[in-house]
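Student: The residues making up each chain are set out below.
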Amino acid sequence: MAMLELENVHSYYGNIHALKGISLTVEQGEIVTLIGANGAGKSSTLRTISGILRHRAGSVTFEGQDLSQYPAHKIVNLGISQVPEGRGVFAQLTVMENLEMGAFVRTDKKEINDDIDHVFSLFPRLKERQNQVSGTLSGGEQQMLATGRALMARPKLLLMDEPSMGLAPILVDSIFETIVNINKEGTTILLVEQNALMALQIAHRGYVIQTGEIVLTDNAESLKSNKMVREAYLGH
Amino acid sequence: MKQQADTNFNLKEMIQLGATGGVILILLSLFGMVESFVERDIIYKSLSLGIALVFGVIFIFGYLSAKRNGNAKSSVGIAAGLITGLVASAMLAILVYAIEPLTLRAVFVNASPALIEALTFGQEMIPGLMTLVGLSAVASLLGAIIFTLPPVPRSAILVGIIMVITVGTLEELISDVIVNIFKLFDAKKAGKSFAGIFFAKEGLSLQGSVITFVSAAVISTLWKLRSQKMKTSFNKLPPATQKSAKISTLVILSLITIFMPQIIGSYLSEILVIVAIYTLMGFGLNIVVGFAGLLDLGYVAFFAIGAYTMGLLTSIQLPQTTGLTGVQMTFWTALPFAVGASVLWGILLGVPVLRMRGDYLAIVTLGFGEIIRVLALSNFLQPLIGGAQGILGIPKPIVFGFELKTSQELYYLVIIAAALAAFISWRLRDSRTGRSWMAMREDEDVAEAMGINLIKTKLLAFATGAALSGLAGAIFAAKLGSIYPHSFNLLISINVLSLIIVGGIGSLPGVVVGAFVLVGLPELLREFSEYRMLIFGALLVTMMLVKPEGIWPAAVQKRELHGHEEDESGIEPAPA
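Going down the list, the sequences are from chains U and D.
Here the first sequence is numbered in my numbering, starting from 1 and rising by one per residue.
Here the second sequence is numbered in my numbering, starting from 237 and rising by one per residue.
Nothing false has been slipped in among the hints.
Result set (BS3-like, lysine-lysine): computed pairs, CA atoms no more than 25 Å apart in a straight line:
no.: 1; chain 1: U; residue 1: K74; chain 2: U; residue 2: K156
no.: 2; chain 1: D; residue 1: K479; chain 2: D; residue 2: K467
no.: 3; chain 1: D; residue 1: K692; chain 2: U; residue 2: K74
no.: 4; chain 1: U; residue 1: K109; chain 2: D; residue 2: K692
Treat the hints as calculated values from the structure; they're not laboratory data.
Just chain D, same shape as in the assembly (with noise of 0.2 Å):
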């Protein structure tokens, strides 16, 4: 009892922490995530995603033990983790023993022999069992042990781990995308032979992953270390050098930004464009949510307004019921009418709901975005905008004689729109139009009484966020040369809104961090189709839980939910 008292030795919780880590482990190999992960390599021959899905779930679950139970004695979170470990590891080799005689397969189509050949190595039931739960045993065992490292090599080896995973995941891209920096350079050959050290034919090769794995926990060291130096004695310097420093920076990044497409070719530049487009809805609604408070579920329908009229003055193929050939203007000049017929749309939606707050206006939004979708869809309108078939023969834009036809061309438009409204937002938010939407967010009546006009700043909301995103929907057109309906679906107002609060709701940087993660993540898991949503789920509810504010939070929201701690040296208890 007094030892217990001691050290801390809360036995319970260990078994708990590793119950936790057995449930998640049974219901990956049930949901058929470690079985076909199994066929894809990280390390070539050595390791395959499905194992290190498996370890890598125990090896985090054995640090999460070590940190909650070790902190007082490093002895005590190393007997921690292990045990944590070994409960989780039993709780899947039970599983795997108890497939057969319960014929789970029967239940759980992939509780399959496949699974359990992955999890017993190939070898018998028991020894395979064995060498599952030794093998774990090691794996909690180093993460408890790296916990209990100082922070130094201890992040130095997690971001090697990691990084590790990352490129090994994702070899296929990034050994593309090494050729095609050599191919920059003339030297396509070279850039092969180069890739060839890293990468095997599926994976990273063994040395491969040895030189990542250092260089990456090398070159984190080094930043952690020296990065305030270097902050210091760049401040030094005398300030023409900075400033030269400055600009020479600035011309490495858009030197970059220019051949971006070149360097990751067509794929990526694919997802590229996606993210761009998304990143253009991101800052518009964030206008309306992150600065004016207004919550808008119904943002597709400016999209799909932007894109519709888009699609009605340009394409040279209208549906046949309407008998028109159409305007076919070009897509410089129908731009105009496409944003302008979303703004006017944006003040029409506006003005009934000028006196809604809060949830009652999610609902109402949320009502229009269906309505605009159930329109585009419907028989009514079908002889104009052809219902179902969507318009077809939207033309590429054509900038100087030039069609911008792939997405490696069509990247420079949306770039450019992307800065524009990155610049609109920035410049709005630090004006006094962006001020009294933060005080209308705060407080309406206050707000009213400071002397905003309520009803001339809400529109304004609504128009500014409107166009933008009427402006992401010409673009979107103009890529895919046809639309339809289904393309402006529900998901796509969710998805704007969660990529906002994911990156940090009113940040700007959070807009373009959150559509990466939240629109290029999937993309790039796209290999992983069938597990997409579910990994994509669990990521969205952790981070919320760890990190609310979003990954990049704007000043306002990081003083909201952390204010506290920072400031409770500064504050006196209330008085009041």
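Bound conformation, chain U alone (with noise of 0.2 Å):
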């Protein structure tokens, strides 16, 4: 059984018919990605998964369970966390304090602080910089500070929105290379891109979507060498 597995699942923006249907599985230990351009749904699908935007239709497991029966506060407990969009730090709150917040179900004190060290560990950048403001730090080092934020609730499945979005070049190799890291720890990956490129050399599947559907999903070679992903997302 798939790890988290959507199921022609419908959401909305009001009025707005966001997802058309999605339906997408991802597996223990692995990386998917989810690809498409502005506004195709990506955001949506995770919000719906992290149960910020509640779907009206079809369904969303993770490990066997509905996760239309939690409220969104409740399935990080379950091992899914979210790096959101736009990096989402508390911007008035130090990088210390960033991480004791994505910590917050928990309650073990000690390994907590031996969490800390282990994103430390990935991210020396933060660790130097523990003390400051997050919203004085550059957007590399919010986007190391809220991928540490959401494995501080030791997830199983990470969500991640757009890591790479406004980062230099250089940086975003580096993000995904610690992103790498992470899956060979043992976390499994959902990726959401705009630069499919980058996403599908590290990913081991990938789903294409558009406006609100999933058009296209094949492993991550495959994806790279269709002809309509070269087209509409490698530029070539």
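The two chains are supplied separately, each in an independent frame; assemble them into the complex guided by the hints.
Tutor: Here is the structure:
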């Protein structure tokens, strides 16, 4: 059984039909990427999984449990954690405080401290800046912080929303490298990206979403060479 | 042309600044502030508040002009100050000269002969105006010269001047306080003669003002120069001595707190009680707005609910229309009900507005506040709560058989309540709940994704805020002994919101400072009641321009508004 399974999911913003029957699966240990243009429904899919946006039809199951029965703030307890679009760090709190907020649902003080050290080993940059207000971090550092904060909940599944957005190419490389490392440590990743080339380089499988519908799915290698993907997203 | 570039002699800017000063002076004169303040002496028979106001403005503009133009060369600064002062005073002189020929009085009631007399110093028109301009030149020169002084004497002189003006203006209150302190030691007479050294019949005496100026200047200088040294030498003391020093400071502070009402007398105690009630509300709203980021403009509603619950449960004279004798509880039995009722309504308001944010929330709460006030005033509820007649005969709190009647006695009750509120806020801020409020304030969606239960967190903020406001309302009702719907208008909500913003949003000491500035100061200025709101408004505008993070900001806000300046050295240009 797949770890995460979306079946024919429909989501709305008011009357706007954002997701028109999305079906996708993520297996334990995979990196799966969801690529598509602006407004295709990538972020809405993630918001639906994390319960902030409620689907009106279809089903979302995680490790066999129907997620619609949980309120959004409980879903993190099940092992799903999110790196939000635009990073969403708590700008007025320090780096350390942000990381502690990531572990909000946990009470095991000692292990939390170990995990903070682990995040610092993934992102040494954050350790240097641990007492700095996160609003004054650079974009790349904020992305590291948002990722580290999500890891603090010890997720089984990490949802990442456009980690490359607004970052310089060299930083994008390093962020993607870290994503691979996180995955190797055993965390399953669902990665939403506009930067299709980068995403397909590290992902095992991919889905292409257009105007709220999945139009194509395959393993990453085949998608990279797919004619339609090349024309629409890879620019050649 | 070349010379201009060298010395930055920017004549246009100086004249502009002078014109701004002139406009302010003209407005102050036409509003009647100069005229009515002339009656009031700061230094007996030498300097009236009105004249101090005029020359104070010129002094400040001289200083500002020197500051803008004189950084490179102090002579340029002094010249700039003089030019600015001359322009400003010339405008005022032209106004005074034009009052009679243009019959300005027909439009501006305050452009009166008394104003002319004050600004010409009782002389003929032409020599009088020349004196005015001449003295203004001196005032602006002084301002400019003081700017060019090194920082230490500069601040000493400024502190001295400010203290003379403050002490002179508040002469009555301060001499009362001096006499009261001596009274504590049974030496009322000595106190009177001591106060007599400083104060004349009205305002400071001449020697009093000299003593005040010198001592303020000396103390502030010593403080500036020595405080750092004292701190380091204090840290060198053995820990036991340090500890006992800290304990004795605490003992002295609590002794002062205990004897405060006796020291400051009944009038100031009354002000202090009002300030403390507002502080109590401020702590509550600070939780809702400052910690949780929920903009609540109807906060007065909970204050009213607390007060009315207290009134209904304790009154020995319920509205006659009810025909009831009431339950006539004591203050202490009714208090939990008053707080409980506020909490209940806090939650009832919270539930429908859970999904709202920012401006929308503000509007809904604004409406809620008005609904409560209108209900209190309505005919519909009149049989129960008295409509416009309100509720009378609310008894005072009784502690161990002792009735807290006057403000000097109620002081203890409100101080304890405010201290309790401060303690609760402080503990909550550093707790898990406090953290979730702050996360929610920053980003609701992300907070929810972190596992924060938004519903619970929001309702808890509303309920805690309402509880403190209800407590304030209950004390307020018992203090006044009677309550009327018009005591609970929108202005109270706005005042409480302003005081936490002025103090520094999210900051606990800020609430106290804000309450003193926003509630205490206007009460002290009651003497100038006509201009109270004008002064007050100008102060708020200046405050928000100069120090937007508040007088005593929370660490967080300081970081946000000034963080970039401080951290600049540590950050490389963001690569993203």
